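Enquirer: For reference, the chains in residue letters:
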Amino acid sequence: MGSPQVPDEAPFVSVLVAFADELRGEGLAVGSGDVLSYCSAMAPLDPADLLDLYWAGRTTMVTRRDQIPVYDRAFKRFFLDEVDSLPEPLRHTIRNAAQTQSVLQVPATEPGTDDRRDQEAKLGLVASEAEVLRNKAFAACTPDELASLRRIMARMRLAPPKRRTRRTSPARDGRAPDPRRTVRETMRMHGEPSKVFWRERRLRLRPLILILDVSGSMADYSRHLLQFAYSAKRAHARVEVFCFGTRLTRITKALERRRVDDAMEQAAKTVFDWEGGTRIGASLATFVRDWGRRGVCRGGIVVICSDGLDRGDPHVLATAMERLSRLCHRVVWMNPHKGSGQSFQPSTLGMMVAAPFVDILLSGHNLRSLEELAATLPTLN
Amino acid sequence: MTVDRPETVAELTRILRQGGYLADRGLATALFVAMSLDRPILIEGEVGVGKTEVAKVLASVFGRRLIRLQCYEGIDTNQALYEWDYARQMLQIRALSERHLGDDTAVDTLFGPKFLLERPLLEAVRAGDQAVLLIDEVDRADDEFEAFLLEILSDFQITIPEVGTIKAVRPPLVVLTSNRTRELHDALKRRCLYHWVGYPSPEREVEIILVRAPGVSEALTRKVVAAVNRLRALDLAKPPGVAETIDWVRTLEVLGETDLDARTVDETIGAVVKERDDLDVVRANLDGIATGA
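Protein chains in written order, with this note's numbering: chain Y, 1 to 381; chain Z, 1001 to 1293.
By construction, these hints were calculated from the structure, which means they are not laboratory data.
What the simulated footprint calls covered on chain Z by chain Y, stretch by stretch (three residues with Cβ under 8 Å from a Cβ of chain Y suffice, anywhere in the stretch; the number is not a length):
| id | region |
| --- | --- |
| 1 | 1025 to 1037 |
| 2 | 1167 to 1181 |
| 3 | 1194 to 1205 |
| 4 | 1232 to 1243 |
In this text the structure is predicted, and so the values were computed from the model without any measurement.
Ideal placement from N, C-alpha and C gives every residue a C-beta, glycine not left out.
Please take these sequences and the hints and turn them into a complete structure.
Expert: Printed below as a string of structure tokens:
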């Protein structure tokens, strides 16, 4: 019967293990426990049946929907000896990614650990220069200045506003009674009624979603904003980061690397259309359809950084923005062309279309404006 | 006659079909493996493709009790595992005299089974393999709650400090569903088998509807399924699921319609499309939806 038991035929098990290895080679995180599950799942099934082989493996070793195509490919290659026929766009992608790496030449943030004192001395210098740098547009900065700016940005913390959750925690002046603690205390007092304990609904940071334009017109800013996205991600657990040019790419996973430069390099590999054209409307529509609808931005703060130079249909952008503004809590738009001036009239068509659905418009062209964002965020309730 | 557990995937498929659920090969294999290995299964998929339904049907065809835990934000141990009946405990304390309270047994009974309120998870562990535990829409609970689930999903045991550890002799069949409103923790996923349920093929969807809504005309069903597939191709904010298709066929049946045309689509579209923006898109092309022209 179906007792979980690994079959005796050793060669067969080794085939399954080899297949699991193949999957690991494709980048799937398959633990030995999963392989064990696969082997014992095959025990009551028919190893000669390809369908059993396929489904048992898929149900035990795949944990996310996006892994399914990878699994399918590996399965075909391993069990059916099918030559990989990579779809054309994917090949194109790989070539592009290689180019991208050379484009993203960011100066190293951590110049090496041996000369820490030296670095500290430099940091001191930067502090005195910081005021000047603060108001200098990123586009006008030298690589050295940018490196020091990025060090300052790494220390900035983005804190989204809080919201009240349905989860409660003990509180001195809460509103709901805490019977569990009250009874416990009463028991401790040998049944003498004790004071009543209270609970209160907890506060929690709202999710923060950054959607960054990395197209040609925004290339100067995107690098710094990626850095900013990285520090935001480090400061707060629930941050989602997306990049778009001609299409939308989620780079949250890539930013999970520990070192800034590793993360940036990884992100650059993920974003294929670095410095391509801009299709804001289509990209935002993709975001709303594939991510927003699933609740990624529900109750959250969405920060879009783009100049609004959309080459697509403005109607698409308007619809996407309208849906987005209904799905999330607040929309913040960072437009570097806004500059420091107070009187900014949106001039690009995309910006004009999007404006009615934007809660706050900031510039994001220099450090001061990013600080402004950091200061504004917690107040957006 | 109900069997304890199926011997083959084909048998499971047949049993599910008798219960009115048409599972494809993938889902049937996943469920079969879950039952053979006594592992929880996490089912993800588009809305309305029958994720919750499969647990209900499993319970009924195998004669097990369905224990359902609907997840929501802020759900905690009190609502999911167990809770002490504080009101009764208080009354009991008041009823006991000083002398009794000094006695250990009196206090022990205060934290005994008499005052323990079972919540779904504890109920399921107690019931063991007599139950199907459905943890519905686990993505709606906050991530703190997932941590509660870990002990139960890996060892099928619950630890109550005052009572001790309660362990299932034979674990219940656990079905978790998620709509992917957020990514679940890897720790939770590692303890589960995983299956993704997509939309069925048109032929299968017709089959499903004829099983779920007996008595509807097959010709009408075919037309509705074709129309629903055209709707899914439209890039709507909320594409209709199988549940919506069934609703639509039933709606048409109730109205006594036998054919699908622009007028009937317009009058009954509320059964399938439930978003204003989407309605505008659909209404712009009623003829195309109804007939595919």
